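Chains as they are written, first to last, in this note's numbering: chain A, 14 to 731; chain B, 285 to 508; chain C, 913 to 988; chain D, 913 to 988.
Incorrect hints may appear among the rest.
In silico DMTMM-like links for lysine to aspartate or glutamate, alpha-carbon gap of 20 Å or less [what the hints assert, rightly or not]: (1) A:K454 x B:E436; (2) A:K454 x B:D302; (3) C:K922 x A:E307; (4) A:K342 x B:D321; (5) D:K922 x B:E436; (6) D:K922 x C:E944; (7) A:K454 x B:E311; (8) A:K342 x B:D319; (9) A:K59 x A:D27; (10) A:K654 x B:D399; (11) A:K342 x B:E313.
Far from chain B by the CB rule (all over 12 Å, computed), these chain C residues [unchecked claim]: (12) L925; (13) R946; (14) T962; (15) S963; (16) E965; (17) N977; (18) V985.
For the record, the hints were derived by calculation from the structure and aren't laboratory data.
Small disclaimer: the values here were computed from a predicted structure and weren't measured.
Positions of the beta carbon are idealized from the N, C-alpha and C atoms, including for glycine.
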Amino acid sequence: MTEALHRQLGMTDDEYGAVVEILGRSPNEPELAMYSVMWSEHCSYKSSRAHLGRFGHDQPWVVFGPGENAGVVDLGDGWLAALRIESHNHPSFVEPHQGAATGVGGILRDIFTMGARPIALWDPLRFGPLADPQNRYLFQGVVGGIAGYGNAVGVPTLGGEVEFADRFSKNPLVNVMALGLMREEQLVTKAAAGEGNVAILLGASTGRDGIGGASILASASFEEGDEEKRPSVQVGDPFEEKKLIEACLDLYERGLVVAIQDLGAAGISCATSESAAAGGMGMDVDLDAVHVRELAMTPGEILMSESQERMLAIVEPGDVDEALRVAGKWEVQVSVIGTVTASDQLRVTHGGRVVADIPAASLSENAPLYRRPVARPAHQESLWGDRPSLPGEIDLASALLRLLDDPALGDRSWIYEQYDHMLFLNTIVGPGHNGSLLRIKGTEKGLAVSTDGDSLRCYLDPRRGAERIVYESALNVAVTGSRPYALVDNLNFGNPEKPAVMWQFLETVEGIATACEELDVPVVGGNVSFYNETDGVDIYPAPVVGMLGFCDPMPTEPPRLDRGLAGMAIWLIGPESGEDFAASAFSRIVLDHIGGRPQAPDTDTARAVISHASRLAFEVPVLHDVGAGGLAVALAEICMKSDVGASVDMDEWQPLFDETPHRFIAVAPDEVDLAIDDVPVRRLGTLGGGTMNFGARGDLDLGEAHHIWYHALRRRVS
Amino acid sequence: MHVAVVVFPGTNCEHDVDHALSLLGAEPELVWHRDVDLSGATGVVLPGGFAHGDYLRTGAIARFSPIMKEVERLAAEGAPVLGICNGFQMLCEAGLLPGATVANRDLSFICRHVDLEVTSTKSILTANATIGDILHIPLNSYEGNFVAPESEVAILESEGRVILRYHGENPNGSTNSIAGITNRGGNVAGLMPHPERASEDVLGSIDGRVLLESFVGSLEPVPA
Amino acid sequence: MRYVVSITRKAGLADPEGTTTAAALTNLGYREVRDVHFGRTIHIEVTDGTSTERIDEMCRILLANPVIEDYIVEEV
Amino acid sequence: MRYVVSITRKAGLADPEGTTTAAALTNLGYREVRDVHFGRTIHIEVTDGTSTERIDEMCRILLANPVIEDYIVEEV
Ligand SMILES: Nc1ncnc2c1ncn2[C@@H]1O[C@H](COP(=O)(O)OP(=O)(O)O)[C@@H](O)[C@H]1O
Ligand SMILES: [Mg+2]
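Chain A extracted, bound-state conformation (with noise of 0.2 Å):
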């Protein structure tokens, strides 16, 4: 006996009698074709739309939160910036190559969509320990997809986050984050207006690619002996997204465009349904017009077709020739499939015949929404319990020596080196160094960005930890002198379906709720992606926030790693313990344990020292956050940058490793004064000579420091 359909395409018995309660009759098969995509986890968020709405965001800046396909902040004197952030987990996994480049060119669509120009991206990913040559493989097939992609494609990759984690072999993350800019006048929308308007289909020929594919992938675990059920690979084209771009910016540019939505899961099926349900409208489509890239496809095929690299215009019916003309101008394929109508309906023809025709709302509003049951997991008490236990003494030039050649404390300019940087002379501050800088031209004003995610954390407190990313990446952006003015947030974890993974989400969610709150900082946009699941082994829990600084003016000289001098002071600004190891580095890597409860973040300090960074950041030439491996990676890190020696004063080894959230170092000249109320600040040593030295604790060479951090990651992929 053969499965029901909609069981075979992810659906439940009681969502497929919903969607016969809203036609009053049985789907014929594109109908349920496009309800079971459009219904997955990945296109209606049905395990957490109930719970984002905890995040806030109607601060006066923002000009659009959630909802639209990218958040926009109003910047002032008419510039709005738009971002964005999303997945491409399972495909990237299929294919680690195209899938991580199709990431890309997705999300740099939904940032044109909204009318700005993509100016840059950002790469946090994930991966199993690399000694793994499978590891290996995925790891060097999604940098070589972004970076084939994006820098083909025009857009600069500035910078990401890296960890490797047995828990993310067989499941790796490939989250992409992307920011645009633009001028008021272009802002767009998807939502279709005035009946009688027309929608046009621009960019690549429709092929087979993925149908029903990333979003089903998206929302299923994989299994052993899966291979043979993945959906065809889609494999992206730069050229035509580049095209498509300067083809898009022209439309908005001359006004041709009433509204624009791009084509992503569900192709043109979700597309005309989502522009037509959001303007209340409905929408008549013609598959006979639309351009194909292969003989003999099915109206389904059509429909559903996740080609990449395409859009679809709204245009007035008197402007669809100069529209056209536009488009062919930049070498874009154009076909004209719809007309918006006054309906409600979505009406799909195929050869004369009607193929679908159902309420264009339904798809997206009538989705289903379900609150899964809670539970704390059974082992987190004991997790708590187990405390890494620290030895008295250590060798600390060996101890750090062993941090430095992690891979994911190491140098990562192999990772960013194969990516351009620099296009388009805005970037101030580049990869290797805390939050990214980009100046706008012709304006005193910049844009910072850093993204951050700390999975182990988040393991050990789900809540904690994704408070202290989102301290983190503010801090990250404060040290470029900018204010945290927006965030977007990555939700990767396990299965929904169990409680303890949907507990891992909900605390997730509060934690970055509420540290936003404290900062008022608006969450403009999010994905969610669940299942990543493979043979019953979810990963850690995985946010990733990406956090937009804003600053006017800018400084002349933001702080940079490598602009430290011998003679130069050496500060720690922000609060001491010496008690934070759950979790960190030290423990990870010198003690191979994991275990404890990660201290809380404290929101009064938080804000004390990021407020104080983001001043100093005018007047002092290095600022560092002290982050994964504690004070002393930190210290190492400005020290190999600037290519000068340190000498620090510790009584104890404890607080050059522990990680208390909440401070940065900065170097400055003697005469700089950089206390301030509120704050503790404690002068560590002077930078100078050859090595770093630690008093009595003793020297660790510089050169060898270097030489083992260079490498570190490099000689693990070659």
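For chain A, the structure is supplied; the task is to place chains B, C and D with the ligands on it using the hints.
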């Protein structure tokens, strides 16, 4: 129009070149590759990027764009013609410069500052520089590895037409560390690195300026 | 002895290089061109007596990407 | 009808893909590998009656780079 900056589908450095040349007082104008008239131009830049996606071969398809006839005419008339990165590859494909570029030795894209040594000043790109100058300029390419038949390399070397060479480490495996070359007349020049990315202090280096200034200085004044 | 491995992208997958090259040929006036697809070849010289199976194994492990490519091995 | 154009790099010119792949195969234990060279193939579908000369012309003009590449055309 003083300098035409040609835009092909897939080109992406046109605005950067425009910005850097404008800072130096030139009057660049972006020109679409289907235009067929460059009669107002006294010089041309083919900027970097991925014209036609770099599909087939870098620069191969772009070379047939309508505007390339005009570029060839200007080159023959002795006007300054500069190809940067992908633009350099187009000049090679069009036969205006010898050789070709292939994948980098380590098969990965390289985006970082490299050191270049000026090895000849007899070109529109290096006229204002001094032989032996070391310039710190970003390289940004996957296929930047310059190759040419041995006889062709010998001619380039003996005629002093290698104008820029990688100094220290050879980043991409280029034959004889060649980073930039010129034609016999010195008016057509190409290089893989991006001088426009090293033209302002805030970008970390201004070593590209001397090259762009040489180029701008070689332009005829705009006819009144 | 020498083998050549010919690798092509699986049918149905997009081939942007092919599409772009086809358009370029048409632009140049070659109206007889209907479709272009790109492939790659790897020419391998091995010590005498190396079996086709051995080359096939190299293809599966390293040379071809089985998710998106098909290949054939021939002795030449 | 269909033609396939096989393009190889001229002997003596750098072939980084070939060199790297040969090293990778040796590292994987394939000690019988002596040399690897990369080539590319272009599969062209044309209207019936198109001559080999016509394809040859496409190669000379666009598909191959005579400075660094050799090619052969075959009907398939
Ligand atoms: N996947 C990546 N892609 C590009 N750049 C990366 C990636 N991972 C790390 N980097 C860069 O390396 C530098 C160090 O990263 P990280 O240690 O995460 O920064 P921080 O600790 O200051 O947040 C940053 O500039 C970051 O942008
Ligand atoms: Mg970080």
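To see whether the hints hold, each was checked on the structure:
1. A:K454 x B:E436: This hinted pair is violated, its Cα atoms lying about 43 Å apart.
2. A:K454 x B:D302: 13 Å, holds
3. C:K922 x A:E307: 14 Å, holds
4. A:K342 x B:D321: Holds: K342 of chain A and D321 of chain B sit about 17 Å apart, inside 20 Å.
5. D:K922 x B:E436: 14 Å, holds
6. D:K922 x C:E944: It is violated: about 29 Å lies between the C-alpha atoms, which goes past 20 Å.
7. A:K454 x B:E311: 18 Å, holds
8. A:K342 x B:D319: 11 Å, holds
9. A:K59 x A:D27: 14 Å, holds
10. A:K654 x B:D399: 18 Å, holds
11. A:K342 x B:E313: Holds - the C-alpha atoms of E313 of chain B and K342 of chain A are around 18 Å apart, at most 20 Å.
12. L925: 15 Å, holds
13. R946: 17 Å, holds
14. T962: 25 Å, holds
15. S963: Consistent with the label, S963 of chain C stays out of reach of chain B, its closest Cβ about 28 Å off (over 12 Å).
16. E965: Check passes; 28 Å lies beyond 12 Å.
17. N977: For N977 of chain C, whose nearest Cβ neighbour in chain B is about 15 Å away, the distance exceeds 12 Å, so it holds.
18. V985: 23 Å, holds
Checked against the numbered hints given earlier, the structure breaks hints 1, 6 and satisfies all the rest.
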